[in-house]
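*Asks:* Sequence:
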Amino acid sequence: MKELNSKRSIAYLLEALTVSIIIFGILYSSVPIIQKKVEEEIIKYSTQNVIDAIDNAITDILSNPNEDVLVKLITEQSARKNLKDKLIIFNTERIKYLFLLYKDPIRDKLRYIMDVFDKGVYLNEPFTPFNDVEDEIDLVKKVADTGRDAYLKHENNDIIGITYYHPYVQKGIVKIIVGIDFSFETLKEIETIAL
924 MKELNSKRSI AYLLEALTVS IIIFGILYSS VPIIQKKVEE EIIKYSTQNV IDAIDNAITD
984 ILSNPNEDVL VKLITEQSAR KNLKDKLIIF NTERIKYLFL LYKDPIRDKL RYIMDVFDKG
1044 VYLNEPFTPF NDVEDEIDLV KKVADTGRDA YLKHENNDII GITYYHPYVQ KGIVKIIVGI
1104 DFSFETLKEI ETIAL
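Heads up: take any position in the sequence shown, counting from 1, add 923, and you land on the working numbering.
Calculated from the structure, these hints are not laboratory results.
Treat the hints with care, since some could be wrong.
[Claimed, not checked] Restraint-style ranges between C-beta atoms, simulated for each label pair:
1. D991 - D1081: 22 to 30 Å
2. P1028 - I1082: 26 to 34 Å
3. L1046 - S986: 14 to 22 Å
4. G1070 - V942: 40 to 48 Å
5. I1011 - S986: 15 to 23 Å
6. K1065 - T941: 39 to 47 Å
7. D1027 - L985: 18 to 26 Å
8. I997 - I1060: 36 to 44 Å
[To be verified] Taking lysine to aspartate or glutamate and the DMTMM-like style, the derived pairs with C-alpha atoms no more than 25 Å apart in a straight line are:
9. K1009 - D1058
10. K1009 - D1031
11. K1007 - D1058
12. K1019 - D983
13. K995 - E1016
14. K1007 - D978
15. K1019 - D1041
16. K1019 - D1081
17. K1004 - E990
18. K1065 - D1008
19. K1032 - E990
20. K1009 - D1038
21. K1064 - D1031
22. K967 - E990
23. K1009 - D983
24. K995 - D1068
25. K1007 - D1072
26. K1094 - E938
27. K1032 - E1016
28. K967 - E938
29. K1094 - D1058
30. K1065 - D991
31. K1007 - E990
32. K967 - D1058
Because the structure is a prediction, the values reported are computed rather than measured.
Glycine included, C-beta positions come from ideal geometry on N, C-alpha and C.
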């Protein structure tokens, strides 16, 4: 009888151990997924005030709400200067670059409207990402096509940590893509919080 109880105890112990290992495996494998979601929420939350202020500045340059913001910025030097004067306040240690793009509907190319911090970019110049990564161009085109914010982490760059892309939508159409390059230090702060 003792031998039978001993075998049952071992069987129960093995079953409990197996179930514990499975539960641990599930929990362990879900940690990176949870960490990524937390990181995404932190990035979204920490950029929201900047994005809102930029959207307000862009809207503010319009004489009336029916005016096409893209046409105005491309054709009027004074509108670009006015917007640049409003956005220059974002030139901080945390934001390395701030630029406006549009998607050329004829050539399906991304082009600059302006670089707010004067980094040598001119109107209608083709967009080239910081690391000249084709994936980044695809990401920006996706933002232009879907109207959804997106970001790219630069793991191997000690200047820029995150490039955040935000669509400026007018009458349901993406007119401008705002690009914000956050510093490497900002990325490290976010990663520290997300852990």
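*Asks:* Find the hints from earlier in the document that the structure breaks and name them by number, from lowest to highest.
*Replies:* 1, 8, 9, 10, 11, 13, 18, 22, 26, 27, 28, 29
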